[in-house]
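S.K.: Given chain X, put chain H in place with the hints provided.
Protein sequences appear in the order of chains X and H.
Just so you know, we're using this note's numbering here: the first sequence kicks off at 1 and counts up by one.
Just so you know, we're using this note's numbering here: the second sequence kicks off at 198 and counts up by one.
Calculated directly from the structure, the hints in this document are not laboratory data.
Model, not experiment: these values are computed from the prediction.
Ideal Cβ placement from N, Cα and C applies to all residues, glycine included.
Hints are not guaranteed to be accurate.
[What the hints assert, rightly or not] List time: in silico SDA-like cross-link candidates among lysine to any residue, alpha-carbon distance up to 20 Å:
| hint | chain 1 | residue 1 | chain 2 | residue 2 |
| --- | --- | --- | --- | --- |
| 1 | X | Lys39 | H | Tyr676 |
| 2 | H | Lys202 | X | Ser145 |
| 3 | H | Lys224 | X | Ser145 |
| 4 | H | Lys224 | X | Phe120 |
| 5 | X | Lys36 | H | Tyr226 |
| 6 | X | Lys148 | H | Arg223 |
| 7 | H | Lys231 | X | Tyr42 |
| 8 | H | Lys231 | X | Gly38 |
| 9 | H | Lys379 | H | Gln363 |
| 10 | X | Lys185 | X | Tyr140 |
| 11 | H | Lys231 | X | Thr14 |
| 12 | H | Lys224 | H | Glu208 |
| 13 | X | Lys148 | X | Arg184 |
| 14 | H | Lys565 | H | Arg712 |
| 15 | X | Lys148 | H | Met229 |
| 16 | H | Lys202 | X | Thr14 |
| 17 | H | Lys231 | X | Lys185 |
| 18 | H | Lys224 | X | Asn138 |
| 19 | X | Lys148 | H | Asp214 |
| 20 | X | Lys96 | H | Met229 |
| 21 | H | Lys490 | H | Val476 |
| 22 | H | Lys202 | X | Asp115 |
| 23 | H | Lys231 | X | Arg188 |
| 24 | H | Lys361 | H | Ser237 |
| 25 | X | Lys127 | H | Pro515 |
| 26 | X | Lys36 | H | Ser237 |
| 27 | H | Lys490 | H | Cys520 |
| 28 | X | Lys39 | H | Lys231 |
| 29 | X | Lys39 | H | Lys702 |
| 30 | X | Lys39 | H | Met234 |
| 31 | H | Lys235 | H | Ala251 |
| 32 | H | Lys202 | X | Tyr42 |
| 33 | H | Lys565 | H | Cys520 |
| 34 | H | Lys702 | H | Val724 |
| 35 | H | Lys490 | H | Gly519 |
| 36 | H | Lys361 | H | Gly387 |
[Said to hold, decoys possible] So, partial list: chain H residues that the calculated Cβ filter (under 7 Å) puts toward chain X:
| hint | residue |
| --- | --- |
| 37 | Trp205 |
| 38 | Lys206 |
| 39 | Ala222 |
| 40 | Tyr226 |
Each chain is listed here by its residues.
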Amino acid sequence: MNLHTGDRRSELLTDEEIISLYWRREECAISATDRKYGKYLYTIAFNILQNGLDCEECLNDTYLGTWNAIPPKKPGVLHAFLSGITRNLALSRVRKQTAAKRIPSELVVSLEELDECLHFEMGEDEKYHLHQLSLALNEYLHTLSDRKLFVFVCRYYYSDSVASIARMLGLSENTIFRDLSSVRKGLREHLQERGLQ
Amino acid sequence: MMNRKDEWKLELLDGIDEALLERSARKRYALMQKNRMKRSSFWAVCGGAACFAAACVLFFVLVLPILTKVPVYEGMTVSGEVPFAALQADSVATLRLLGASDEANTAPVNPIPSAEKDLLKAPAPESGYRASYYTDPNSDVYVTVHLDNPKQYEILSFTLNGVKYQSYMFEEGSDSENLILKVNVGDVKGVVEYRIDAIKYVDGERIKNVIMRGDRTVKIGVYTDDQPIAAPENVTVARDRIAFDVRVQDELSLIADSEGEVYVSLTGTDGKTFSQGPVSLKETNRLLFEGLKEGEIYQCRISARYDALDGNGSVLHPLYEGCFATAGAFEVLPAQAVTSEEIRFDLQMREGEAVTLLRVEIIRENGKIVREQAGDVRAFGNLAPGRYWIRAVYAYGDGRLGAAVCETPVKVNSALRSEHLVEQGRSTKPFSGDLQVWNPSTADYRSHLGVDITSSISNAAVYSAYDGTVQAVYFDKSYGNTVVISVDEGDLLFYYQSLGSTLVKEGDRVSGGQRIGTIGESAMLEVADENPIHLHFAVKKGEDWMDPFSNTLFS
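One chain only, chain X, in its complex shape (with noise of 0.2 Å):
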């Protein structure tokens, strides 16, 4: 199989192939991950920035962010390691924006629905706090189900509406709500019993 994707421009390569491309330091890698991922990338950054100039340049930005990171770095999953620099990169355009701008609703909202499960404290104990959080939140989400962990995922890790994941699953919104409000639900029953609420 001939690598060079001037040979298979119609063609998407494997995840393998890719990451092969990158180590071989083949400019061409990048032309491939955006035809492969560029549109994934694209509704990820979209979900957080609400704008499509913005998101041009971040998925440019990703690309770049990947090219520098492999090697030496070797991504199991392809797609969730360019997804997670697409949203991290998308958070810090956020970051940037000045006060006059308003951030994008879906992330605010995503966001505002934590406050119901999570107690944010401010002070010298803020490390520490969120160090306990973290590991409680990951000790809870391993429980969950396949459905409710993706919902949560998608909810709040991807900034996802309600309406996509539910398009996404092929169900009601109504019934992506209440998966979500059974989550948050747990959540804070597992933080409290934790002591950390």
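M.R.: Okay, now just chain H, sitting in the frame of chain X:
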């Protein structure tokens, strides 16, 4: 900006186990791909349904008629004669009536002077033609209605411009697929439109309508003498400016309907052009040209590009051509000529001016200086017939140069002479009129209806006697290379024949004194004359040949 609480929550979410994120990310990516393919399939199904619907429509409109072979109307053409070509099964005649050929669609007939090339920035309409065919008023035209009628159904009638024409009214040569009708365009001006509304045919015992598919209208441009005109009025002249009113009279809206525009230009003898436009077609335009030269002669031209309905499409037409002169320190007052070949004039200084007269120039109407003399000159003689400007050139006290020109050009009505027509020309054989004279080339006696002029200079230049327009350039089997020029005044045609070479072409505007060719020996009828290399110069007024050197040519 994000607050600390939001940052804290994001940091917490960033701490989610990679294994958990990967599990969800895999599922998320797979589901998004699946949904994308579902959407593509949905649109593919919609697209397929739309294509099917379109195919059904096309079937009933295009295919079914072919399968059932019902007559279909395909279009109309117009010709000036019965289109015999329409009788052939595999050809359709589309004859244009006036002038318009395939080349005429792209090339303007009138050459565009360089000044106007910059002026007319607005592009001509896409085709340049307002109609498909052109003819004269009250002329008969033949309209052919073309059908696809493989089963040769009998055509009963068709309706054209609301008038029903039965089959017995069709012209001879009509058949089941070409219906020829003779119509008279009438005493109309402008563009006439013919529209076909319905065509009836017989199918068994029933009368049905032909399916109408082609263009239902055809436009015929009817030429009119009522062409647009425009002329400067209320002209005021100063040393550095000229102002005048321009009102475009276009009763038939030929310019407006062609989306044409009117431009006005002044061009000095130095070639510098001042232009304005487009001017209003409805109102009187007061135009002011500033920054002009003192004592300069400006050729004024008002032009528009439009379809004059003469078959030439949308081309440049001059609406007005004339001259103005700016004022100067002198008033130049031409006096009555003592003889017909001389100009006399007076120069009167305007009040308050202190200038030194340097020279006086005599300038042809085309701007060419034909004579100049230093000092205080008040007459010029021995001038060829034509119209001349008198310009006095002077210097101001500070060394600046200025000039003054007579208000209008002076006409010199001298008779033509050989040297006016040929470089260092001399006449060798005069006009004989009704008198028969010996012709050594034909060895017989015959009238000599022109004058022969030779020169000691080989390939001597031949000049146009007057301002005019080249009507024809051709080879005459008796008199050789020929240029025929009509003059701007008088019903006269000037024939320059036996030329060695020609420098002009049909349609060219020429000025008196302009080179139009060289003397030669191309006239078979005079090739054995004593001076075979010559110009044979003849003048025709109506059907009569005139003595070219008569001083009553224009009377």
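S.K.: Each hint should be assessed against the structure and marked as holding or not.
M.R.: Results of checking the hints against the structure:
no.	hint	result
1	X:Lys39 x H:Tyr676	violated (84 Å)
2	H:Lys202 x X:Ser145	violated (28 Å)
3	H:Lys224 x X:Ser145	holds (13 Å)
4	H:Lys224 x X:Phe120	violated (31 Å)
5	X:Lys36 x H:Tyr226	holds (11 Å)
6	X:Lys148 x H:Arg223	holds (15 Å)
7	H:Lys231 x X:Tyr42	holds (17 Å)
8	H:Lys231 x X:Gly38	holds (16 Å)
9	H:Lys379 x H:Gln363	holds (13 Å)
10	X:Lys185 x X:Tyr140	holds (11 Å)
11	H:Lys231 x X:Thr14	holds (17 Å)
12	H:Lys224 x H:Glu208	violated (23 Å)
13	X:Lys148 x X:Arg184	holds (10 Å)
14	H:Lys565 x H:Arg712	holds (13 Å)
15	X:Lys148 x H:Met229	holds (17 Å)
16	H:Lys202 x X:Thr14	violated (40 Å)
17	H:Lys231 x X:Lys185	violated (31 Å)
18	H:Lys224 x X:Asn138	holds (19 Å)
19	X:Lys148 x H:Asp214	holds (16 Å)
20	X:Lys96 x H:Met229	violated (30 Å)
21	H:Lys490 x H:Val476	violated (24 Å)
22	H:Lys202 x X:Asp115	holds (9 Å)
23	H:Lys231 x X:Arg188	violated (34 Å)
24	H:Lys361 x H:Ser237	violated (55 Å)
25	X:Lys127 x H:Pro515	violated (90 Å)
26	X:Lys36 x H:Ser237	holds (16 Å)
27	H:Lys490 x H:Cys520	holds (14 Å)
28	X:Lys39 x H:Lys231	holds (13 Å)
29	X:Lys39 x H:Lys702	violated (68 Å)
30	X:Lys39 x H:Met234	holds (13 Å)
31	H:Lys235 x H:Ala251	violated (24 Å)
32	H:Lys202 x X:Tyr42	violated (26 Å)
33	H:Lys565 x H:Cys520	holds (13 Å)
34	H:Lys702 x H:Val724	violated (25 Å)
35	H:Lys490 x H:Gly519	holds (18 Å)
36	H:Lys361 x H:Gly387	violated (24 Å)
37	Trp205	holds (6 Å)
38	Lys206	holds (5 Å)
39	Ala222	holds (4 Å)
40	Tyr226	holds (5 Å)
Consistency note: the structure conflicts with the earlier hints numbered 1, 2, 4, 12, 16, 17, 20, 21, 23, 24, 25, 29, 31, 32, 34 and 36.
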